[in-house]
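Q: Build the complex: two chains, separate frames, hints provided.
Residue numbers (numbering that gives the first Met the number 0), protein chains in the order written: chain A, 0 to 386; chain B, 0 to 386.
Hints are computed from structural coordinates only; laboratory data are not their basis.
Glycine residues also receive a C-beta, built at the ideal position from the N, C-alpha and C atoms.
Please note that the accuracy of each hint is not assured.
[Stated by the list, open to error] Computed from the model, here is a short list of chain A residues facing chain B with C-beta under 8 Å:
| # | residue |
| --- | --- |
| 1 | F2 |
| 2 | L4 |
| 3 | D6 |
| 4 | E68 |
| 5 | V220 |
| 6 | L259 |
| 7 | R262 |
| 8 | R276 |
| 9 | S291 |
| 10 | M294 |
| 11 | L295 |
| 12 | D311 |
| 13 | V318 |
| 14 | V366 |
| 15 | I369 |
| 16 | E370 |
Chain residues, written in single-letter form:
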Amino acid sequence: MDFELNDEQRALHDSLTRLLSDRHDAETRRRIAASPAGWSEPLWRQLVELGLAALPVAAAHGGLGGRTEDLMVAMQAIGGSLAAVPLLGGVAMPAAALQAAGGDAAGRWLAALAAGDARLAWAHDEPEGDGRADWVAVRARHDGQSWRLDGRKAAVHHGESADRLLISARVRGDDGDEDGRALFLVAPDAPGLQRRGLRLIDGTPACELTLQGVPAEPVAVEGDVAARAIDAALAVGMAGCCAELLGAMEMALALTVDYLQTRRQFGRAIGDNQALRHALADMQVSLEMARSMAMLAAVQADAPTGPAARADLHRAKLVVDRHARAVAEAAIQLHGGIGMTEEYAVGHVLRRVLVLETTFGEADVHVAAIERSAPWNSISSGASCSV
Amino acid sequence: MNLDLTPEQSAFRDEVRAFIRERLPPDIRERLRLGYLPRKQDTVRWQRILAERGWAAPHWPRAYGGAELGQVERIILLEELQRAPAPVPQVFNINMLGPVLLQFGTEEQKARFLPRLANLDLWFCQGFSEPGAGSDLASLRTVALRDGDHYVVNGQKIWTSTAHVADWMFALVRTDAQSQRHRGISFLLIDLKSPGVTVRPIRSIDGAHHLNEVFLQDVRVPVDNRVGEEGQGWECARFLLANERSGIANVGACRERLGHARELAARTRRGGRLLSDDPHLRHELALLDAELRALEVTNQRFLLTPSAQAAMPAFASVLKLRGTALQQQLHGLLVRLGGAAVREHVDDEDVDGVPHLVERYLFARAGSIYGGTSEIQRDLVARTLLG
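With the rest of the complex left out, here is chain B (with noise of 0.2 Å):
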C-alpha cells in the first residue's frame, strides 16, 4: 500500500494548480465562489482554454485532442478545477458521449465530432429520461422508424438538463417496437435545429432553468447519426453510465465548499460573536472533513483498484451515495451559515454571495434524484450483496 501522490504526479498536481493561477478568468472564478453555477459562456470560455494543454478532454486520446491522462491525473484535474473553483469540462460532451463515440462510433463519427465536443464547437445535451422513463430507463418509449436512409423520430424526452442552450442531443430511442425493453433501443445523435424539435423550459426549484422537456415530432434524423449498431443503444447507455463514474463522487466540489463554509464562519458574527467561535459549529464541521476524507480515499480506492471494484462491483453507487449525502449536508450547512439573509430573493448578480446559498442547497436536492436516485442505488449495493 501507498497512498502518496508520486514525484511526476505532484509535479503534474503542480502544473495544473499554476495553469489554473495564471489562466482562470477572476471574474469566471469569483461568480463559482459566490455560489453561482458556471453559465454557458462561462464554460465555454475556460474549456477553450483548456484545451490548449488537451484538459479539457483530458483521458481521450490526443489525436482528438484529448491529453490521454491516467486515473490518477484525472483524478488530480478534476479536484484541482473544483477546489479554484472553476468550471469542469462539459459533463455531457467530455465524460458522456465522448467515450461512446471512442468505443461504438465510426471513424467518420470521430472525426467529425470528438475534436468539436473538445472544444465545445458544439454543446451536447443528454435525452435519456421520458415522462415515463425515469430510473427505468428502458421502459423508454420514444420511436425512431426508418425511411429510407432517415430515422424519423416521435417522442418526448424529460428532465434534459442545459437543452435551451445545447446544439445537439444524443439520445436513445426505440428503434424495433416490436422488441421489449433493452432490445431495440439505438443511440441516436439529433441536431436540435432540425424540424419538428420543441425545447420547452422546466423551472427547478431553485428558481432557475436548468431542465428542460424536449418534443420530437417527425424529426428526420440521418440513420449516419446513429451510433453503434441498431439495437446496440442500451450497450452504449450501460457503457456511457459506466464511464460517469470518475467524477461521481464530487470531492473536490465537497472540499471547496467545505473552505467556503469555514470562510463564512470565520467572518460572520451572530450574537456578537463569530460563527468560527461556536464549538458546536466546529465540531460538524470537523465532522464533514473528516467524512469527505473518507469519501475522498474511497474514491482513490475504487477508480484505482481493480480488486476493490471486484469486490464491490456497484462501487459507483457507494460513492454516488455518500457524495451526493455529504454534498447535500454541506449546503445545508451553508444555509445555516447564512442565517436570515440567505432567504432573500435576489436577482442582483452583484451581492455577496450569501443569498445565492440558498439556490445552491435547492439545487442540490437533485443530486440524489438525478443519474439514478439513491433508492436505485441502494438497490444496486443490495443486489451485489443478496443477489
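Pulled out of the complex, with its shape left as it was, chain A reads as follows (with noise of 0.2 Å):
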C-alpha cells in the first residue's frame, strides 16, 4: 500500500497550483463569473498547455495517458480555486466514455480532445434521473438512415460552449434499466436540438437540452459496450468530483486558518477561544477524510469494475459530500457577518460544494449502492478486503 503522490504528481499539482493562484485570484474569478460566457477560455487554453487536456487520454490517441489518480490531483488545484473549467465533463469524462466504447468515431474525437482542440459536454443527467447511472429516459431509434434522439438532458456543464454532446439514450427497455443505455454524438447545429442557456448556484455556466427526433452519431449501442463506456465516465467523474471538493474544503479550511489567526476581539484573536478550536478541528478531521476517500475514488476509478470497485466510489462520493457540506457550512459560522458576504470568498466554497454534492446523485443514490454491495446476512461486509 502506498498513498505517496510520486514526483511528476507533485509538480503537478504545485505548477497548477501556482498558475491558478497568479491567473485566477478572487478578482478574476468574480469578473469571469460575470461575464456572459461564465468561463474563461484563456484560462482554459493555459490549462491545455499545461497538458491537462492531454493527460486523461490514452498515449495512442495523442494524449499522457494519465491515471485517475493524476486527475485527481488536477481536479484538487482546481477545486482550491473554485475555478470553472471544463476539464471533467468536457474532457476526462467523454474520454473515459470513448475509450470504453473504442471505435472510429471515439478515435477521432480523443485525439482532437487530447490536442485541446475540441471540447465535449457530459449529457447523462435528466429531470427526474437525479445523478443516477441507471436512469436513462431518452430515447433513440433507428429510422432507417441515422439514429434519431428524443427526450430531455438537465445540467450538461459547460453544454453550450462544446463541440459536441455526448448524450446517453435509450435503445430498448424502461427509463430505469441498466441494460439498453447507449451513447452518442450530436452536432451543437443539430436540428431539433434546443439548448437552453443557465448558470448553476455557483456560476458553472450550463444548459438543459431538449431533444425532438434529433441526428446523432452512434459512440456504443451495444449493450455491453454501451454499459462499460457510462460507468467508466462515471466512475472517473465520480472521482474527480470527489477531489474537486476536497480541493474546495482545503481553500475553506485555509480561509478560515487565516481568519481566526488574524480577526481581533476583546483584545486577542479569536482563534485563541476554545470553542472556534474544537469547530476547527472538527473540520480538519472532515478533510482528513475526505482526502482518504478522494484517493480511495481515484484509485477505485481505474481498478475493474465489480461491485467492490463500485460501492467503494459511492462511499467516497457519500463521504465527501457530507464531510464537505459540513466543511464549507462552519468555515462561514466562525467567520461570523464576513462569512455571509458576496464578496469573501469562503461562502463561495458552499454554492460550489452545494453544486458538487448533487452531481452524480444525491446521498439516496450512494445508499442504494452502498447497501446492494452489502452482503446482508454475513458478518462480514466484504469491504475492506479490497483494501
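A: As C-alpha cells, this is what we get:
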C-alpha cells in the first residue's frame, strides 16, 4: 500500500496551483463569473498548455495516458481555486467513455480532445434521473438512415460551449433499466436540438437540452459496451468530483485558519477561543476523511469494474459530500458576518459544494449502491477485503 | 499511489484468517460476538496461542517473543482479530510497556520482563492518571523518594483498568519534588503484591468492574525497577503514547459491530417486518459503512505514510476522534436495534447477546474520555493549525 504521490503528480499539483493563484485570483473569478460565457477560454488554453486536456487521454490517441489519480491531483488544485473549467465533463469523462467504447468516431474525438482542439459535454443527467447511472429516459431510435434522439437532459455542464454533446439515450427497456443504455454524439447545431443556457448556483455555465428527432452519431449502442462506457465515465466523474470537493474544502479551511489568526475581538485573536478552535479541529478531521476517500475513489475508478470498486466509489462520494458540506458551513460560521458576504470567498465554497454534491446523485443514490453491495446476512461486509 | 495489498500481504491475511479459524476457542469467540468484553482468562488463553507465532507481540523483535511484523501486517493482524472477533493482545503489556522497555530499558530489564509480557505470565496495568491529574497528566503528585537502593512511593492512582487482576503496574511518579511539571517524573515498575499497595474497585456505569483506585503507601520499589534515567519518565510516557497510535482507530472493532448490527437487523422483527427491510435503517447502515471505510483508509494512510504524518502531526488525535465517534454511534445503533429487551438487567451469561448490547454501549462512552478526552484531542489538532 502506498499513499504517496509521485514526483510528476507533485509537480503537476504545484505548477497548477501556482498558475491558478497567479491567473485566477478572487477578482478574476468574479469577473469571469460575471461575463456572458461564465468561464474563461484563455484560462482553459493555459491549462491545455500545461497538458491537462491530454492528461486523461490514452497515449495511443495522442494523450498522456494519465491515470485517474493524476486527474485527481489536477481536480484538487482546480477545486482549491474554485475555477469553473470544463476539464471533468468536457474532457476527462468523455475520454473515459470513448476509450471504453472504441471505434472510429471515438478515436477521432479522443485525438481532438488530447490536442485541446475540441471539447465535448457530458449529457447524461435527466430531470427525473437525479444523477442515477441507470436512469436514461431519452429514447434513441433508428429511422433506417440514422439514429434519432428524443427527450430531455438536465444540467449539462459547459454544454453551450462544447463542440459536441455526448448524450446517453435508451435503445430498449424502461427508463431505469441498466440494460439498453447507449451513447451518441450530437452536433450543437443539429436540427431538433434546443439548448437552454443557465447558470448553476456556483456560477458554472450549464444548459438543458430538449431533443426532438435529433440526428445522432452512435458511439456505443451494443449493451455491454455502452454500459461499460457510461460506467467508466461516471467512475472518473465521481472520483474527479471528490477531488474537486477536496480542493474546495482545503480552501475553506485555509481561509478559516487565516481568519482565526488575524481577526481580533475582545483584545485577542478569535483563534484563541476554545469553542472556535474545536470547530476548526472538526473541520480538519472532516478534511482528512475526504482526502482519504478522494484517493480511494481515484484508485477504484481505474480498478477493474466490479461491485467492490463501484461500492467504494459511492462510499467516497457520499463521505466527501457530507464532510464537504459540514466544512463549508462551519467555515462560514467561524467567519461570522463576513462569511455571508458575496465579496468574501468562503461563501463561494459552499455554493460550489452545493453543486458538486448533487452531481452524480444525492445521498440516496449512493446509499442504494452501497446497500446493494452489502451481503445482508453475513458478518463480514467484505469492504475491507479490497484494501 | 497503490492501495492494494502485495501478494505477500494478501497471503499473510489468509494465513491469519486460517489461524484464527482453526485456533480461536469457539467459546471465546461466541462470548465476544454476544457483546461481552474478554475476561482475563480469555485474553491469557488466546494470547498464549498467538504467542506460538510471535503474534502476541507482533512488532517486537523475535528475540523477545515478537514476530517483527511491518506496519501493514500489524494493521492486518489487528483488524482480523477484531473482526473474528477475538481478544487482542493485552495492550498494557504489548503496545505500551513493551516498546518502552525496548527503547529505554536495560538489557536485564528486557530479558527479565519482555518474554513474560508477551506470554502474559505477568499482567501489567497502567498507573498514569491521578485524582488531580487526568488529561493534565504532568500535574501528577505521587511521590517516590530515594532510600538507598529503593524508592519509597506514596500517592494514589485512579481509573486504573484491570488493576484488580494485574500482577504489576507501570507508573509515573515524581522523583524530584522540587521540579515542577514534566521534569522530575520517573517511570517505575511496581509489583502490586508489595506491602502498602491497596486496590479498590470503581464500578462503572455498565455495572462492571474494569476500573480501580490504587493506593500506594510507603511502597518500596527497587531502583532496578526504574525504566530509563531518573527524570526521564515524561519522555517514556510521551514515547508510550506515541506508540499507542497503531490501534487507536479501532477499525476492526467497528467493522465487527457493524456486521453484528446487520445480522441483528436481518433476524429481528418489529411491527410485523424485519428491521432489515426498513429503508431508514438501511440508509443509516450504509452511511456508517461508508464513514467506516473512510476511517479505515485514513488509518492506513497515516500509519503507512510519513509525509501524511508530517503534514498533520496530530494524526493520532484525528484517528481517535473519528474512531471513538463512530464506535459510539454504532453502539447507540445496536441499542436501538435491541429495542426494549436491551434495557433488561441480566446477570445470566447464557442468554442471547441482545441484553448485553446496552452494557457495551455504556462502556463505549469511555472511549472519548480515556487516553485523552475528545476535547484534548481537538486542542491538539487545533494547535497544529493555529499554533
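Q: With reference to the structure, classify each hint as holding or not holding.
A: Each hint, compared with the structure:
1. F2: holds (4 Å)
2. L4: Result: holds, 7 Å to nearest chain B Cβ.
3. D6: violated (13 Å)
4. E68: Given a least distance of 5 Å, the restraint on E68(A) holds.
5. V220: violated (34 Å)
6. L259: holds (6 Å)
7. R262: violated (12 Å)
8. R276: holds (4 Å)
9. S291: Nearest chain B Cβ about 4 Å off; hint holds.
10. M294: For M294(A), the interface hint holds, since the closest Cβ of chain B sits about 6 Å away, which is under 8 Å.
11. L295: Hint holds; L295(A) Cβ to chain B Cβ min 5 Å, cut 8 Å.
12. D311: Status holds, d = 7 Å.
13. V318: This hint holds: V318(A) lies near chain B, its Cβ roughly 5 Å from the closest one there, short of 8 Å.
14. V366: This interface hint holds because 4 Å falls under the 8 Å limit.
15. I369: holds (4 Å)
16. E370: E370(A) check passes; min Cβ-Cβ to chain B is 5 Å, inside 8 Å.
Of the numbered hints stated above, those contradicted by the structure are hints 3, 5 and 7, listed in ascending order.
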